[in-house]
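S.K.: Listed below are the residues making up each chain.
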Amino acid sequence: DIQMTQSPSSVSASVGDRVTITCRASQGISSWLAWYQQKPGKAPKLLIYAASSLQSGVPSRFSGSGSGTDFTLTISSLQPEDFATYYCQQAASLPLTFGGGTKVQI
Amino acid sequence: EVQLVQSGAEVRKPGESLKISCKGSGYKFTSYWIGWVRQMPGKGLEWMGIIYPGDSDTRYSPSVRGQVTISADKSISTAYLQWNSLKASDTAMYYCARHIPHSDSPTAIDSWGQGTQVIVSS
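So the protein lines, in turn, are chains A and B. My numbering numbers the first residue of the first sequence as 118 and each following residue consecutively. My numbering numbers the first residue of the second sequence as 64 and each following residue consecutively.
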């Protein structure tokens with residue numbers, strides 16, 4: 118199985134801050150990476166797929182980059198509704214696997 | 064509009080069986096992989112397995128293979144997750160999830176069900 122390691126596990130930030138979350142795969146996955154946002158008590162929501170493609174309806178302050186083993190999710194200017202937990206997921210091979218999550222908190 | 068609507072919360076005793084469901088609408092059910100993701104209390108997301116309703120091709124994560132069964136009834140656009148003998152450690156929220164296909168393989172999840180809470184307790 119491909120292991121996905123996210124860092125940091127949590128980050129404290131303020132409204133307007135630029136936030137960067139990283140995800141590392143245990144082996145190369147090309148651009149087969151997705152990012153999700155999950156708020157408490159809710160199902161996850163797809164933000165980014167194919168490493169850098171913005172899902173329809175997702176604000177442009179979210180962006181993704183990277184290929185191979187190292188990937189980044191950036192929130193350019195944190196908004197109040199962005200406080201949540203973020204997960205990366207590799208889609209290069211089965212079983213699909215998620216990172217451990219990054220909680221973005223005030 | 065794509066929708067995945069899951070069955071309601073369940074409380075069972077260890078050793079009991081259970082089958083939860085996920086009904087898809089707003090898209091061609093037989094053309095997308097649909098799978099299940101587990102989230103234990105206070106923990107992260109764990110991908111369990113997937114089925115392609117068009118031909119019933121089913122794949123499992125090694126961590127759950129033999130513990131659960133994934134199936135689908137394409138005539139009613141519904142996928143299922145089934146246990147024959149529940150354990151306390153099966154207590155979790157279970158999400159069904161539609162996967163974006165690419166060259167016949169599942170990739171990112173673009174639509175999620177609302178979740179089914181399963182509690183297993185004596």
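If you're looking for bench data, these hints aren't it; they were derived computationally from the structure. These numbers come from a predicted model, not from an experiment. Quick reminder that beta carbons are idealized off the backbone N, C-alpha and C, glycines included. A few of these clues could be false.
[Stated by the list, open to error] Derived DEER-like restraints, expressed as beta-carbon distance ranges:
| hint | chain 1 | residue 1 | chain 2 | residue 2 | range |
| --- | --- | --- | --- | --- | --- |
| 1 | B | Gln177 | A | Ala130 | 26 to 32 Å |
| 2 | B | His165 | A | Ile223 | 33 to 39 Å |
| 3 | A | Val132 | B | Ile182 | 22 to 28 Å |
[As the list claims (entries may be wrong)] Cut-off 27 Å, straight-line C-alpha distance, at most; resulting in silico cross-link-like pairs (DSSO-like, lysine-lysine):
| hint | chain 1 | residue 1 | chain 2 | residue 2 |
| --- | --- | --- | --- | --- |
| 4 | B | Lys82 | A | Lys162 |
| 5 | A | Lys156 | B | Lys106 |
| 6 | B | Lys150 | A | Lys159 |
S.K.: A separate judgement is required for each hint: does it hold in the structure or not?
M.R.: Status of the hints after comparison with the structure:
Range check, Gln177/B to Ala130/A: about 29 Å between beta-carbon atoms, so the 26 to 32 Å window is met. For the hinted restraint 33 to 39 Å between His165/B and Ile223/A, the CB-CB distance of approximately 37 Å keeps it satisfied. In this structure, Val132/A and Ile182/B break the distance hint of 22 to 28 Å, their C-beta atoms being roughly 37 Å apart. Restraint check for Lys82/B and Lys162/A: the C-alpha separation of about 25 Å stays at or below 27 Å, so the hint holds.
Among the hinted pairs, Lys156/A with Lys106/B is consistent with the structure: their alpha-carbon atoms are about 13 Å apart, no more than 27 Å. Between the alpha carbons of Lys150/B and Lys159/A the distance comes to roughly 25 Å, so the proposed pair stays at or under 27 Å and holds.
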